[in-house]
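Participant: Note that the protein sequences, when read in sequence, are chains A and B.
At position 83 of the first sequence the residue is numbered 83 (the numbering used here), and the sequence of numbers has no breaks.
At position 59 of the second sequence the residue is numbered 59 (the numbering used here), and the sequence of numbers has no breaks.
Treat each hint with caution, since some may be false.
Stated by the list, open to error - Taking lysine-lysine pairs in the DSS-like style, the calculated list, with each CA pair at most 25 angstroms apart, reads: (1) A/Lys57 <-> A/Lys11; (2) A/Lys105 <-> A/Lys57; (3) A/Lys105 <-> A/Lys18; (4) B/Lys94 <-> A/Lys65; (5) A/Lys57 <-> B/Lys99; (6) B/Lys94 <-> A/Lys57; (7) B/Lys94 <-> A/Lys105; (8) A/Lys57 <-> A/Lys18; (9) A/Lys105 <-> B/Lys66.
Bear in mind the hints are in silico, worked out from the structure with no lab data behind them.
Read off the chains here:
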Amino acid sequence: EAAVTQSPRNKVAVTGGKVTLSCNQTNNHNNMYWYRQDTGHGLRLIHYSYGAGSTEKGDIPDGYKASRPSQENFSLILELATPSQTSVYFCASGGRGRTEVFFGKGTRLTVV
Amino acid sequence: GQQVQQSPASLVLQEGENAELQCNFSTSLNSMQWFYQRPGGSLVSLFYNPSGTKHSGRLTSTTVIKERRSSLHISSSQTTDSGTYLCALDGAYKVIFGKGTHLHVLP
Numbered sequence: 001e002a003a004v005t006q007s008p009r010n011k012v013a014v015t016g017g018k019v020t021l022s023c024n025q026t027n028n029h030n031n032m033y034w035y036r037q038d039t040g041h042g043l044r045l046i047h048y049s050y051g052a053g054s055t056e057k058g059d060i061p062d063g064y065k066a067s068r069p070s071q072e073n074f075s076l077i078l079e080l081a082t083p084s085q086t087s088v089y090f091c092a093s094g095g096r097g098r099t100e101v102f103f104g105k106g107t108r109l110t111v112v
Numbered sequence: 001g002q003q004v005q006q007s008p009a010s011l012v013l014q015e016g017e018n019a020e021l022q023c024n025f026s027t028s029l030n031s032m033q034w035f036y037q038r039p040g041g042s043l044v045s046l047f048y049n050p051s052g053t054k055h056s057g058r059l060t061s062t063t064v065i066k067e068r069r070s071s072l073h074i075s076s077s078q079t080t081d082s083g084t085y086l087c088a089l090d091g092a093y094k095v096i097f098g099k100g101t102h103l104h105v106l107p
């Protein structure tokens, strides 16, 4: 069964600190995505990747970096966390073209 | 403008009533997927439906590419159907979500 695992599931970070959210998929999918979900905004795309070594900017990339060191792993990095980045973050994976997308269970990040 | 528009934004039903949720898109489509989410919960895939009609229990999804729309029909709604329904468009390069329909089914 398709699986996307996010860690940590919950995180409290201090303003100005560095935060790394990790995502692992066992679906052998080429595409991976990071979204954040906020009330009133729905799911917004931060970064995505077509495969190992590639990262692309989504709709709201400012303040975030991404890293795709392998097919299985895709990380979201907040170099200098701010309270406005408090949100729920979802990772997803999908194949190229007409294939289903699978989501992780989400990471709740609070920046204080 | 927004590439994926969902309607209605919110809906209140009496248990047993039917619901029709709409998703309209303005960009090219590789596939359409419908998700369900409880408050604070993860996204559960309901349908992967790039075109045509698919059924699953009380749910039916229909995607008509030429008309740039997809719909989700819920028949005989139950209180456990309450939550948010999201459509997601897999376009040329990325997956884009609508803002969702918040459904509340009253007993």
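Participant: So if I understand the rule, the pair passes when the alpha-carbon distance is 25 angstroms or less; does B/Lys94 with A/Lys65 pass?
Facilitator: holds, 17 angstroms
Participant: Given the proposed pairing of A/Lys57 with B/Lys99, does the C-alpha separation stay at or below 25 angstroms?
Facilitator: holds, 20 angstroms
Participant: With a cut-off of 25 angstroms on the C-alpha distance, tell me whether B/Lys94 and A/Lys57 pass.
Facilitator: holds, 10 angstroms
Participant: Checking one constraint from the list: CA of A/Lys105 to CA of A/Lys57, max 25 angstroms. Satisfied?
Facilitator: holds, 22 angstroms
Participant: Measure nothing beyond the straight line between the CA atoms of A/Lys105 and B/Lys66; if it is 25 angstroms or shorter, mark the hint as holding.
Facilitator: At roughly 34 angstroms apart (the allowed maximum being 25 angstroms), B/Lys66 and A/Lys105 break the hint.
Participant: Straight-line Cα separation of A/Lys105 and A/Lys18 no greater than 25 angstroms?
Facilitator: This hinted pair holds, its Cα atoms lying about 22 angstroms apart.
Participant: Is the hinted pair B/Lys94 and A/Lys105 satisfied, with a Cα-Cα distance of at most 25 angstroms?
Facilitator: holds, 20 angstroms
Participant: Take the C-alpha atoms of A/Lys57 and A/Lys18, compute the straight-line distance between them, and say whether it is at most 25 angstroms.
Facilitator: Holds: A/Lys57 and A/Lys18 sit about 20 angstroms apart, inside 25 angstroms.
Participant: For A/Lys57 and A/Lys11, compute the direct alpha-carbon distance and say whether it is at most 25 angstroms.
Facilitator: Between A/Lys57 and A/Lys11 the Cα gap is close to 24 angstroms, so the pair holds against 25 angstroms.
The structure shown violates just one earlier hint, number 9.
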